[in-house]
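The primary structure of each chain is shown beneath.
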Amino acid sequence: SIMSYNGGVVIAMKGKGCVAIAADRRLGVRGHTVAMDFQKIFEMGPHLYVGLPGLATDTITVAQRLKFRLNMYELRENRRITPKTFASVVANLLYERRFGPYFVEPVIAGIDTKTGEPYICNTDLIGCLNEPDDFVVSGTCVEQAFGMCEALWEPDLEPLDLFETISQALVNAFDRDAMSGWGAVVHVIEKDKVTVRTVKTRMD
Amino acid sequence: MADSQYSFSLTTFSPTGKLVQIEYALMAVAAGQTSLGIRAANGVVIATEKKLPTTLVDETSVHKIQSLTPGIGVVYSGMGPDSRVLVRRSRKQAQQYQRLHKETIPLSQLVRETAAVMQEYTQSGGVRPFGVSLLVAGYDDHCPQLYQIDPSGSYFPWKATAIGKNVCNAKTFLEKRYTDEMELEDAIHTAILTLKEGFEGQVSGKNIEVGIVGPDCKFRVLTPIEVDDYLGEVD
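Chains as they are written, first to last, in full-length UniProt numbering: chain A, 1 to 204; chain C, 1 to 235.
These are calculated hints, taken from the structure and not from any lab test. One or more hints might be untrue.
Within a straight-line C-alpha distance of at most 30 angstroms, the following computed BS3-like cross-link-like pairs (lysine-lysine) qualify [what the hints assert, rightly or not]:
1) C/K51 / A/K67
2) C/K196 / C/K92
3) C/K218 / C/K159
4) A/K114 / C/K92
5) A/K67 / C/K102
6) A/K16 / C/K102
7) C/K51 / A/K114
8) A/K84 / C/K102
9) C/K206 / C/K102
10) A/K84 / C/K92
11) C/K206 / A/K114
12) C/K102 / A/K193
13) C/K165 / A/K114
14) A/K84 / C/K165
15) A/K191 / C/K102
In silico contact screen, one side only, chain A against chain C (beta carbon under 8 angstroms); selected entries [to be verified]:
16) T57
17) D58
18) T61
Heads up, the beta-carbon is just placed ideally off N, CA and C, and yes, glycines get one too.
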């Protein structure tokens with residue numbers, strides 16, 4: 001299956017005035033692990049991140065194309081994009097390729113700098129937006145990830161607690177998946193700062 | 001739009017460095033009925049003369065002031081049919097923006113894109129520039145804004161301005177009366193008075209059109225009865 005060719009998983013969670021987005025670091029070619037430092041989360045703004053699990057080549061291309069559209073927006077409109085608007089841009093970019101899609105299922109996490117409102121969403125590979133209030137998952141071990149998130153997430157977690165929660169959810173989910181893992185990176189986005197941490201995990 | 005035989009531009013530079021077609025287009029605007037706009041502290045008002053060739057024309061079916069989005073309105077001076085084409089294009093651009101970004105287009109962006117359309121027609125094959133200047137009114141980020149767009153495609157934000165026949169007198173009148181702290185109601189009165197200055201004959205709700213956008217960010221055209229009420233207050 002194309003979506004599980006390279007492997008990978010991304011999770012995002014909402015907390016109290018903060019969001020967190022986390023991904024594994026594996027890049028594989030079917031069963032053969034080729035890299036343990038593959039970037040799946042990209043910064044699109046000081047408080048806006050997008051995770052792109054799926055086919056690795058599309059991960060890179062979609063990230064570049066999104067950055068292009070984002071830069072054009074910010075130059076034209078002379079302002080930072082809001083997470084909600086960015087999600088629409090992502091959905092539009094994916095739907096443009098409705099009958100020959102990019103094989104990525106993006107996860108978007110950010111904070112609207114004007115209102116301080118946290119925002120997460122994910123889309124399918126052709127741009128259907130899903131905007132829940134708790135968490136979003138995407139990748140090769142979604143079932144495991146859904147289970148872990150459902151069990152561990154609770155509303156209004158503080159940034160440090162959110163970090164613990166999302167790390168545990170991600171690590172335990174991808175430990176049950178052959179195609180994901182080999183390290184994890186977690187971004188915790190608050191109104192005034194972003195903290196990036198790498199998590200020590202089983203390297204298998 | 002450009003035939004194979006007319007793939008060259010009809011708007012070409014004169015030896016003095018001017019684009020004569022644009023100059024002529026501006027003359028067409030200057031021959032059109034007066035329109036004006038005033039930006040108040042809490043809203044924007046645009047107004048125009050609506051003098052019809054004979055009394056036999058049904059004035060209720062003529063709409064010179066139109067909305068581009070629920071929050072943005074436009075009035076023109078010059079050739080009516082040209083303005084209709086631009087209104088149609090602008091509305092489409094606004095909707096495309098909305099579809100892509102899922103939010104209403106900011107006024108400055110719409111003005112920019114409309115101006116780009118007008119500029120295209122000064123540099124494409126087989127077409128002539130638009131014979132209208134537009135006054136676009138709306139709210140941008142909680143600030144009321146008024147823009148003028150010329151046939152050349154240049155656009156300027158204004159505090160208060162007039163275009164069309166009676167420009168000089170109208171602008172002098174506005175310069176004297178305009179204050180930065182003006183409220184929307186004062187602006188409407190001033191707009192009506194300015195139109196009255198250059199009007200040949202009696203002004204009534206039937207031969208002028210007034211559009212306003214207030215702090216609620218909704219653009220609407222005043223009904224003839226409302227205009228008559230304001231006229232009554234002004235007298």
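*Are A/K84 and C/K165 close enough, with their CA atoms no more than 30 angstroms apart?*
46 angstroms, violated
_Check the hint pairing C/K196 with C/K92 against an upper bound of 30 angstroms on the C-alpha distance._
Violated, at roughly 35 angstroms.
*Given the proposed pairing of C/K51 with A/K114, does the C-alpha separation stay at or below 30 angstroms?*
With Cα atoms ~47 angstroms apart, C/K51 and A/K114 exceed 30 angstroms; violated.
*Does C/K92 lie within 30 angstroms of A/K114 when you go C-alpha to C-alpha?*
Holds, at about 29 angstroms.
*Against chain C, is A/T61 within 8 angstroms by beta-carbon distance?*
The hint is violated - A/T61 has no Cβ within 8 angstroms of chain C, the shortest such distance being about 20 angstroms.
_So, as I understand it, the hint says A/D58 touches chain C; can you test that by seeing if any CB pair is closer than 8 angstroms?_
Nearest chain C Cβ about 21 angstroms off; hint violated.
*Given hint C/K92 paired with A/K84 - CA-CA distance at most 30 angstroms*: Given pair A/K84, C/K92 holds - Cα atoms ~22 angstroms apart, limit 30 angstroms.
*Within 30 angstroms, alpha carbon to alpha carbon, are C/K206 and A/K114?*
45 angstroms, violated
*With a cut-off of 8 angstroms, does the beta carbon of A/T57 approach a beta carbon of chain C closely enough for the hint to hold?*
This interface hint is violated because 25 angstroms lies over the 8 angstroms limit.
*Going straight from one Cα to the other, do C/K51 and A/K67 come out at no more than 30 angstroms?*
52 angstroms, violated
*Take the C-alpha atoms of A/K16 and C/K102, compute the straight-line distance between them, and say whether it is at most 30 angstroms.*
26 angstroms, holds
*Quickly compare the C-alpha distance for C/K206 and C/K102 to 30 angstroms and report which way the hint goes.*
Given pair C/K206, C/K102 is violated - Cα atoms ~38 angstroms apart, limit 30 angstroms.
Comparing the model with each earlier hint shows violations of hints 1, 2, 7, 9, 11, 13, 14, 16, 17 and 18; every other hint is respected.
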